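Number of protein chains: 2
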Amino acid sequence: MAQLLVLYKTPADPAAFDRHYFDRHVPLAKAIPGLRRYEVSQGPVASPAGETGLHLVAILHFDSVADIQAAFASPEGQAAAADVASFATGGADMLIVETRSL
Amino acid sequence: MAQLLVLYKTPADPAAFDRHYFDRHVPLAKAIPGLRRYEVSQGPVASPAGETGLHLVAILHFDSVADIQAAFASPEGQAAAADVASFATGGADMLIVETRSL
Chain B
2 MAQLLVLYKT
12 PADPAAFDRH
22 YFDRHVPLAK
32 AIPGLRRYEV
42 SQGPVASPAG
52 ETGLHLVAIL
62 HFDSVADIQA
72 AFASPEGQAA
82 AADVASFATG
92 GADMLIVETR
102 SL
Chain A
2 MAQLLVLYKT
12 PADPAAFDRH
22 YFDRHVPLAK
32 AIPGLRRYEV
42 SQGPVASPAG
52 ETGLHLVAIL
62 HFDSVADIQA
72 AFASPEGQAA
82 AADVASFATG
92 GADMLIVETR
102 SL
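For the protein sequence lines, the chains are B and A, in the order given.
Residue numbering for the first sequence is 2 to 103, as defined by our numbering.
Residue numbering for the second sequence is 2 to 103, as defined by our numbering.
Next comes chain B alone, as it looks inside the complex (with noise of 0.2 Å):
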């Protein structure tokens, strides 16, 4: 198993940001190739540390880091990829990793 993680920073307008994310993005990133689950935050992204300086995480879910790679490739991942730039105005940053349950 293999996920892609997606931190997005807080954004200069987060009400602007969820409606471009859910009305727009979200269906982009559904259609990407090898999507096996789509998971993201609700509510606030805590830490015990206090501020975390981030709005939102995604987490997609695949069976395989290759199959993230194929997707980032594709024309629905290059799609759902610039779709970013134009809402995630805080940023975001992107971790993949193969996952293993212990």
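Any given hint might turn out to be false.
Which residues of chain A face chain B? A partial, calculated answer using Cβ under 10 Å [what the hints assert, rightly or not]:
| id | residue |
| --- | --- |
| 1 | L29 |
| 2 | G44 |
| 3 | R101 |
Pair ranges (Cβ atoms, derived) [to be verified]:
| id | chain 1 | residue 1 | chain 2 | residue 2 | range |
| --- | --- | --- | --- | --- | --- |
| 4 | B | R38 | A | A50 | 21 to 27 Å |
| 5 | B | V27 | A | P49 | 16 to 22 Å |
| 6 | B | R25 | A | D94 | 26 to 32 Å |
| 7 | A | S87 | B | P34 | 22 to 28 Å |
| 8 | A | A86 | B | K10 | 25 to 31 Å |
| 9 | A | A50 | B | V27 | 18 to 24 Å |
| 10 | B | P45 | A | G51 | 16 to 22 Å |
| 11 | A | S87 | B | P28 | 44 to 50 Å |
| 12 | A | T11 | B | K10 | 42 to 48 Å |
| 13 | B | A50 | A | T11 | 26 to 32 Å |
If you're looking for bench data, these hints aren't it; they were derived computationally from the structure.
The model shown is predicted, which means the values in this text are computed figures rather than measured ones.
Idealized CB from N, CA, C, for every residue including glycine.
Keeping the supplied structure of chain B fixed, place chain A upon it in accordance with the hints.
For chain A alone, kept in the frame of chain B given last:
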């Protein structure tokens, strides 16, 4: 559902980190009350943007954010949190999120 994401930055001695993490920290963390599932990254923590500066990502699943807060307050959670300082020489960021599937 809620997740505790632990982003371990690259430590001074990755091999020593791994030994401590899997031999000592994992058993402490698995004892935390309310923990439903425990995933770790294997292999590099990658990013389309290049180097992430991260060595390992742990994803701990709980039923709710309240359960994560209770876990941190428990003796087992406090032992696991105290242990982190003994091996995470590069530091670690912790994120607590309530999640929903789209």
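- Could you check the hint for me, namely that A/A50 and B/V27 are 18 to 24 Å apart, CB to CB? Check passed, 22 Å falls within 18 to 24 Å.
- Message: Is 16 to 22 Å respected by the C-beta to C-beta distance linking B/V27 and A/P49?
- Response: holds (20 Å)
- Range hint 26 to 32 Å: satisfied by the CB atoms of B/R25 and A/D94? holds (29 Å)
- Just tell me: holds or violated, for the beta carbon distance of B/R38 and A/A50 against 21 to 27 Å? holds (24 Å)
- Query: Is 26 to 32 Å right for how far apart the beta carbons of B/A50 and A/T11 are?
  - Reply: violated (19 Å)
- Holds or violated: 22 to 28 Å for the Cβ distance of A/S87 and B/P34? With Cβ atoms ~43 Å apart, the hint is violated.
- Message: Given a cut of 10 Å on the nearest C-beta pair, is the interface hint for A/R101 held or broken against chain B?
- Response: holds (5 Å)
- Query: So does B/P45 sit 16 to 22 Å from A/G51, Cβ to Cβ?
  - Reply: violated (29 Å)
- Using Cβ atoms only, decide whether A/L29 comes closer than 10 Å to chain B, and label the hint accordingly. Because about 12 Å separates A/L29 from the closest Cβ in chain B, which is outside the 10 Å limit, the hint is violated.
- Query: Does A/G44 pass the interface check with chain B, least Cβ-Cβ distance below 10 Å?
  - Reply: holds (5 Å)
- Query: Does the Cβ pair A/S87, B/P28 satisfy 44 to 50 Å?
  - Reply: Holds - the Cβ-Cβ distance for A/S87 and B/P28, about 46 Å, lies within 44 to 50 Å.
- Task: For A/A86 and B/K10, compare the CB-CB distance with the range 25 to 31 Å and indicate the outcome.
- Result: holds (26 Å)
Figure legend: structure checked against the earlier numbered hints; hints not met, in rising order: 1, 7, 10, 12 and 13.
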